[in-house]
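Participant: One letter stands for each residue in the lines below.
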Amino acid sequence: MLLSRYKYLRESIFWFFLFSILIFLILRFFPLVYGFYSSFFKIRLGFGEKEFIGLKNYFEVLSSPKFLYSTFLTIIYTAGSVFLGLVIGFSSALIMNSINWKSKLLRALILAPWVVSPVVAAMSWKFFLDPNFGLFNNIFHNLGIFARTDVVCWLSDKRFALFTCIVTQVWLIFPFMSIMLLAAISSIPKERYEAARVDGASPFQIIFYITLPSISLTLFFLILFGMITCFNMFDLVWVLTRGGPVGSTEVLALYVFRTGLRDFRIGAANATGIIMFLIMLVIGAIYSKIYKPEGVQ
Amino acid sequence: MRKRKLIIKDLSCKSISLLVLLLILAFIILPIFWVIITGLKTDTDLAHVPPSYFPSPPTLKNFLYFIDYGALKFAKNSLIITLTTVICVLVLTLPTSYFLSRFRFPGRKIVIGGLVISQMFPGILYLIPYYQLFDALNLINTLSCVTISLVSANFSFSILILFTFIHTIPQEIDESAMIDGCSRFKALIKVIIPAAYPGIIAITIYNIVISWNVFLSAYAYITDDAKMNLQVALAMMESALYNTWGQRMAATTLVALPIIILFYIFQRYLVQGLTAGAVKE
Amino acid sequence: MRMNKFLLFLLVSIMIIACGKKDKVEEKPPGIVLWLPFGNKRAQDIIVEGVNEFKERTGHSVTIAKVPWGEIRTKLRLVAGTDNSPNVVFMIGIDMPIVSAAMGHLRDLREFIEKDNFPIQDYCKLGWQYGAIGDAVYSAPYFVEVRCLYYRKDLFEEKGVETPRPDWTWEDLLEVAKKLTDKEKGIYGFPIVGDPQDGIFFYWIPILYAYGGDFYDKDYTHSVFNEPPAVESMRLYTRFIGEGAAPKESIGYNIIDVRNLFKAGKSAMLLDAPFMMRDLRQSAPQLSGKWEAAFPPGVIVNGKFKRAVFCGGVTLTIFKSTEEEDQIAWELIKFFLSKEQQINWYKLEIHLPSNIKSIEGVEWANPEDSQRVQNLFKPMIEDGIPELKVVFDRFVGYELISNTLQNIILNNLDVQKAMDELAEQYNDLLETAIYVPGRNREVKK
Chain A
7 MLLSRYKYLR
17 ESIFWFFLFS
27 ILIFLILRFF
37 PLVYGFYSSF
47 FKIRLGFGEK
57 EFIGLKNYFE
67 VLSSPKFLYS
77 TFLTIIYTAG
87 SVFLGLVIGF
97 SSALIMNSIN
107 WKSKLLRALI
117 LAPWVVSPVV
127 AAMSWKFFLD
137 PNFGLFNNIF
147 HNLGIFARTD
157 VVCWLSDKRF
167 ALFTCIVTQV
177 WLIFPFMSIM
187 LLAAISSIPK
197 ERYEAARVDG
207 ASPFQIIFYI
217 TLPSISLTLF
227 FLILFGMITC
237 FNMFDLVWVL
247 TRGGPVGSTE
257 VLALYVFRTG
267 LRDFRIGAAN
277 ATGIIMFLIM
287 LVIGAIYSKI
297 YKPEGVQ
Chain B
1088 MRKRKLIIKD
1098 LSCKSISLLV
1108 LLLILAFIIL
1118 PIFWVIITGL
1128 KTDTDLAHVP
1138 PSYFPSPPTL
1148 KNFLYFIDYG
1158 ALKFAKNSLI
1168 ITLTTVICVL
1178 VLTLPTSYFL
1188 SRFRFPGRKI
1198 VIGGLVISQM
1208 FPGILYLIPY
1218 YQLFDALNLI
1228 NTLSCVTISL
1238 VSANFSFSIL
1248 ILFTFIHTIP
1258 QEIDESAMID
1268 GCSRFKALIK
1278 VIIPAAYPGI
1288 IAITIYNIVI
1298 SWNVFLSAYA
1308 YITDDAKMNL
1318 QVALAMMESA
1328 LYNTWGQRMA
1338 ATTLVALPII
1348 ILFYIFQRYL
1358 VQGLTAGAVK
1368 E
Chain C
92 MRMNKFLLFL
102 LVSIMIIACG
112 KKDKVEEKPP
122 GIVLWLPFGN
132 KRAQDIIVEG
142 VNEFKERTGH
152 SVTIAKVPWG
162 EIRTKLRLVA
172 GTDNSPNVVF
182 MIGIDMPIVS
192 AAMGHLRDLR
202 EFIEKDNFPI
212 QDYCKLGWQY
222 GAIGDAVYSA
232 PYFVEVRCLY
242 YRKDLFEEKG
252 VETPRPDWTW
262 EDLLEVAKKL
272 TDKEKGIYGF
282 PIVGDPQDGI
292 FFYWIPILYA
302 YGGDFYDKDY
312 THSVFNEPPA
322 VESMRLYTRF
332 IGEGAAPKES
342 IGYNIIDVRN
352 LFKAGKSAML
362 LDAPFMMRDL
372 RQSAPQLSGK
382 WEAAFPPGVI
392 VNGKFKRAVF
402 CGGVTLTIFK
412 STEEEDQIAW
422 ELIKFFLSKE
432 QQINWYKLEI
442 HLPSNIKSIE
452 GVEWANPEDS
462 QRVQNLFKPM
472 IEDGIPELKV
482 VFDRFVGYEL
492 ISNTLQNIIL
502 NNLDVQKAMD
512 ELAEQYNDLL
522 ETAIYVPGRN
532 REVKK
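Residue numbers (the numbering used here), protein chains in the order written: chain A, 7 to 303; chain B, 1088 to 1368; chain C, 92 to 536.
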């Protein structure tokens, strides 16, 4: 009896598994441990300093107004991107479901932003939104929405920069959400719709009471995935604004990058990274407690 | 009467839907269109406010500039990084996810939980510890650091997707293969891989996309411009003061092109692979 | 049997992983390493050619690594002092040598200069000053960057406005810019630059110095941004937007945006370096004959006319390694500073070389442009002033100034109040500076 429970040990593939998991632990967990360890030191790269200061890095970071502002910006950025991404993704999924599209080209087109790298997306949007030479402002001028003399700097005006980053982020992630939602919506059994139609439900009621609950598992994972991606996003914001007009787009990932590789305060940078991770854990835990989708274990 | 009202409601619903869909498509396409158009414009053409909608005359000069700038060299680096990462990930994750799916060993739940949680680790947190690690191993300024950090980043996602695929293949299939005289590994190769191939292709393509698009590791660990990958080269163009927007947009187009072509060919598998999880409830 | 299979797989995977490492096996090459940050391909080619000539002549081995300006500061911090440290680096003169010198990475050049009796007086004196801490000299000037006023003759003629004179003040320029503005056509007289990445440096800081303002007082104890000269300069700068000579979105423009606007005919005036002449001829041939260059304006302070011209530039530095390598590095620097190399650089038509005497008699492709260089840019270098010596992240400092500009324009903050805030922020920067002249403080953090 006991032997059969441990029969995997006799498999040679077990050793391979162990090897892989070991590599995984080394590559994925060990740097965290090391980062955690070095966050208790004051390390200045280039000066050769390394001094143990305990939790001081954490206190400094948590009480620094720049960090708090950065966290605030990151939360807005994450919430805005995920929410907008879902709204647009859901709408397009609904529409595509009802129109019953089947074109390979159309699907490739809609999914294109997802495979494009954040760097490419940032470069494209940067010029697209250029106040004088970009297409966006010009279209709106020609449509008469903005006056010619009222040029808007989308990326260099501190009032709009974060919003612009959110829009670009949405451009990057909503196609993925849209396809996943479409797959989920199209797998909803038709009987539920029939039943609702027989009962005379309006389209909005159908959406809220039938569609949404049926895809809640997909929605759960999409929101989680979106939150993780946006919270940790570096590439996009860096190339778009490098921290933005006077720090108005300095999201946490940029803050860590700057602390570590521009101010060269390695200990503080690692501490901030650990704090970021803890924030993510807390948010994730709260999220799974609040949002219990149907059918989750 | 009621029928006509329904038809009108239906038509207006459909037209609003089409309008929304068109707006969404415009949202997606307009920036892409603008990038391509700008890349084709001459310098004279670019010096216009408001900018023209179509280049007249169109020119390939900006694209040639990027190629002259070293595009082929950067593409080679991107390719090396991508191929190495994909091979490493596949070799490491296939047997692992197979093992994870077939055997219920103590601690299995912890391993799965650990894999799931590890996806939440912020990439930026690895920046500096990896830097110090690579420095100690004297690997700084080589393509291997980028490969290693990519493998570490994609590992858990790949395992989890493969795991869900392999898990749906009933155990009897490999049992019967083994009864016919194969060892576990043979069973893996001959039976499981063909059965789970949509998932495998999905993972391969996912890894290709992520590796081709990697920016942060390449940016931070590689100093030598002979070893930069395409994304970093593109971002550098942005911070240099001597390029025109036409040259930058042409470079952007060239950098995005390979992955979009690849994606167009293989989209079916990618979509299948990733949405399989969504559909199965 | 099973064990063998497993070992086989292990071996295969290790081989695959090792394949990815194949480019790691390089020893540090003999000779010295030169870091080349120029983005301009023609500049890169000239340097590479020069290095090849150097290698042939002296037989020393020089490896060139291209590290763009955007990355070089970070990379230097990361590798200086390690095995990957470069030997000779081109640096942006104003802040980079002091940072590296304060961290103890640079080689004092005085020894070499004295031994070879190097004629440092032939070269722009600013370059030597940039990298000076106390009496030690850490940087050698390679080229000097200075900016003049470019203006669109056609737009001036259209509006019937007088063209710039050498004794213009900024107030005069403001008045003329207002007359040139045509809101309906989207044309502005002088769009100012608010972007912190070098924009503030080239546009506002010369005005600051012309008014007699500065960042800090003589002893570097506190910031003098809130004193009258600095406040006046900021007031003037914001008046461009306030009185309509520049669009409101100017606060977000960087130096490339205003260049593009100038070419597109939406801006009548521009401050830029000599390379703009070549750029205009090559990329905007439709503008030939429509533009001209002039001295930038000055300020009348205490009855005297004062023009503050910034001389930026690029210098060469040596990172401490071995005695032998340092010697080779100095040979390379001397080579770059030699007359032929300086003339080669001049012929690129980008900036002026630091050995200004060497360009006598050398012409650019276009004789008019050569004239402009001789008449405008060359005299200005002689009057140039270097920027502040305190070293913190230069761009953090500029961001604060950019922020102040945005506050004044967007939030209608009073200029004096805004500059008071700015002075406060610069006082804080003093605390964390890597290097403060006279005090040579280490950073507290």
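It should be emphasised that the hints constitute simulated quantities derived from the structure, not laboratory data.
Given the structure is predicted, the values throughout are model-derived calculations rather than measurements.
Built from N, CA and C at the ideal position, the CB exists for glycine as well.
Treat the hints with care, since some could be wrong.
[As the list claims (entries may be wrong)] DEER-style ranges, computed between Cβ atoms:
no. : chain 1 : residue 1 : chain 2 : residue 2 : range
1   : C       : 147       : B       : 1160      : 21 to 27 Å
2   : B       : 1114      : C       : 377       : 31 to 37 Å
3   : B       : 1106      : C       : 438       : 16 to 22 Å
4   : A       : 71        : C       : 262       : 37 to 43 Å
5   : B       : 1141      : C       : 457       : 42 to 48 Å
6   : C       : 377       : A       : 71        : 25 to 31 Å
7   : C       : 201       : B       : 1349      : 55 to 61 Å
8   : A       : 285       : C       : 257       : 55 to 61 Å
9   : A       : 71        : C       : 451       : 54 to 60 Å
[What the hints assert, rightly or not] Far from chain A, some chain C residues (derived; all Cβ distances over 10 Å):
no. : residue
10  : 136
11  : 140
12  : 244
13  : 254
14  : 286
15  : 312
16  : 340
17  : 342
18  : 355
19  : 362
20  : 370
21  : 376
22  : 470
23  : 471
24  : 507
25  : 518
Participant: All hints are to be evaluated individually against the structure, with a verdict given for each.
Facilitator: Here's how the hints hold up against the structure:
no.: 1; hint: C:147 x B:1160: 21 to 27 Å; result: holds (25 Å)
no.: 2; hint: B:1114 x C:377: 31 to 37 Å; result: holds (35 Å)
no.: 3; hint: B:1106 x C:438: 16 to 22 Å; result: violated (59 Å)
no.: 4; hint: A:71 x C:262: 37 to 43 Å; result: holds (39 Å)
no.: 5; hint: B:1141 x C:457: 42 to 48 Å; result: violated (33 Å)
no.: 6; hint: C:377 x A:71: 25 to 31 Å; result: violated (50 Å)
no.: 7; hint: C:201 x B:1349: 55 to 61 Å; result: holds (58 Å)
no.: 8; hint: A:285 x C:257: 55 to 61 Å; result: holds (60 Å)
no.: 9; hint: A:71 x C:451: 54 to 60 Å; result: holds (56 Å)
no.: 10; hint: 136; result: holds (26 Å)
no.: 11; hint: 140; result: holds (32 Å)
no.: 12; hint: 244; result: holds (22 Å)
no.: 13; hint: 254; result: holds (25 Å)
no.: 14; hint: 286; result: violated (7 Å)
no.: 15; hint: 312; result: holds (23 Å)
no.: 16; hint: 340; result: violated (5 Å)
no.: 17; hint: 342; result: violated (7 Å)
no.: 18; hint: 355; result: violated (7 Å)
no.: 19; hint: 362; result: holds (18 Å)
no.: 20; hint: 370; result: holds (17 Å)
no.: 21; hint: 376; result: holds (19 Å)
no.: 22; hint: 470; result: holds (34 Å)
no.: 23; hint: 471; result: holds (30 Å)
no.: 24; hint: 507; result: holds (20 Å)
no.: 25; hint: 518; result: holds (16 Å)
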